[in-house]
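In numbering that gives the first Met the number 0, the protein residues as written are 0 to 418.
Quick caveat, the hints were computed from the structure, so don't treat them as lab data. Quick caveat: nothing in here was measured; it's all calculated off a predicted structure. Among the hints, a few may not be true.
Pair ranges (Cβ atoms, derived) [claimed, not checked]:
1. Thr300 to Ala208: 27 to 37 Å
2. Ile161 to Gly326: 27 to 37 Å
3. Asp80 to Arg242: 42 to 52 Å
4. Asp162 to Asp261: 18 to 28 Å
5. Pro381 to Asp162: 23 to 33 Å
6. Ile357 to Thr209: 21 to 31 Å
7. Ser148 to Asp283: 17 to 27 Å
8. Leu190 to Asp342: 42 to 52 Å
9. Gly235 to Leu193: 34 to 44 Å
10. Val198 to Val402: 44 to 54 Å
11. Leu400 to Leu190: 46 to 56 Å
12. Gly326 to Glu246: 18 to 28 Å
13. Ile68 to Gly267: 41 to 51 Å
14. Leu400 to Gly358: 24 to 34 Å
No residue lacks a Cβ here, since even glycine has one placed at the ideal position from N, Cα and C.
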Amino acid sequence: MTADDSGAAPRDMDTEDDAVRDVPVDDPSGAESGSAPHNAAANSDATTHGGADDGAGNPGTDNGDENNIAVRLEQLILGADRRYTPFQAARGAGVSMDLAARFWRAMGFADIGQVKALTEADVLALRRLSGLVEAGLLSEAMAIQVARSTGQTTARLADWQIDSFLEGLTEPQDSGLTRTEITYPLVELLLPELEEFLVYVWRRQLAAATGRVVRAQDDAEMVDRRLAVGFADLVGFTRLTRRLEEEELGELVEAFETTCSDLVAAHGGRLIKTLGDEVLFSADDAGIAAEIGLRLIETMTNDETMPELRVGIAFGTVTTRMGDVFGTTVNLASRLTSIAPKDTVLVDEAFAEELGRIGDAPVSEADAAAAEKAAAEGTGAPPPSYRFALQPMWQRPVRGLGVVEPWLLSRRNGQGAND
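Please work from the sequences and hints to get the whole structure.
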């Protein structure tokens, strides 16, 4: 969406560019008043490239080939030369320096004073956000939340892609080219493909999230929803950190996170976040969450390279913010995980009741056994086909949550284990 699409007053880019260039770099109204995105070459002694300087009108110093390739890569990725100081960018976007600084910090960019380090894209981004606010589509606080959530998510994505993806592809090749020499053409080829793929995945995820909100029963449920929330935690991870080499530990964590991500997604859950030796997931349906928890245990048990696992799941009202979940239900799931025996799934009473309500587990094992016996003797109707079994465990006090009665979750007669 452009600024014009959002309802903000249109601006003529050529006219604005002239206005921006007329702003002195050392304008006292903006010299000390905010921040702007900091990137690989945006510092007080940045390498000269495309007319860039140090922010005070002095040319930068050439620090060699590696610095030059860093500047070239920045220009390739950003798609434009550095032209504006933060004050000039804010003025060009029609926003105050204070609001521009708040947007930039929310996106995760460091303060750089008044270095001429910004591009036309930085001006346009500010204009789009402020245009959404001016049009009344977002409040200022919501716009800052959008900037923060986008910045945090894409920062992690960018780090992962550079550390894991490009690092492997830019190893020295048989051609004799160095990593520095091969990086630029490689990024040049990958950039448009990765950009298109990012937009595609984002649209699919946005469609799924929008569908969940539309299906909510009322407005309150859109924010405070009843969900199943689960934690899966590797047992003895601290001991492993002392025994394994760093590379081995990294490979184990990556394998664990990959396995959990795939299983959660495949069975209809959502991976909220990964914490090294622990993952947090959620599901709209208790039966889905139960299936995920048991699948995680079964998969890890069959993998000799993996430590034991324990899972805790709770069901109840959950507050969602910026892709994360909060509330007593989340805390309870975490506590259940910490007390679960290895290779087991513990659930709370509300989760057990929900499984009974939807018919995935018997409300009473005694009643279920009696129904099965009557059916076998021909004196009763065929009993329901339950997927899961629940066994009440010992009651125990849990710090901050009072007395909790966990239930041990398992498959009923092995049903579904090999589906």
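Those earlier numbered hints the structure runs against, lowest number first: Violated hints: 5, 12; rest satisfied.
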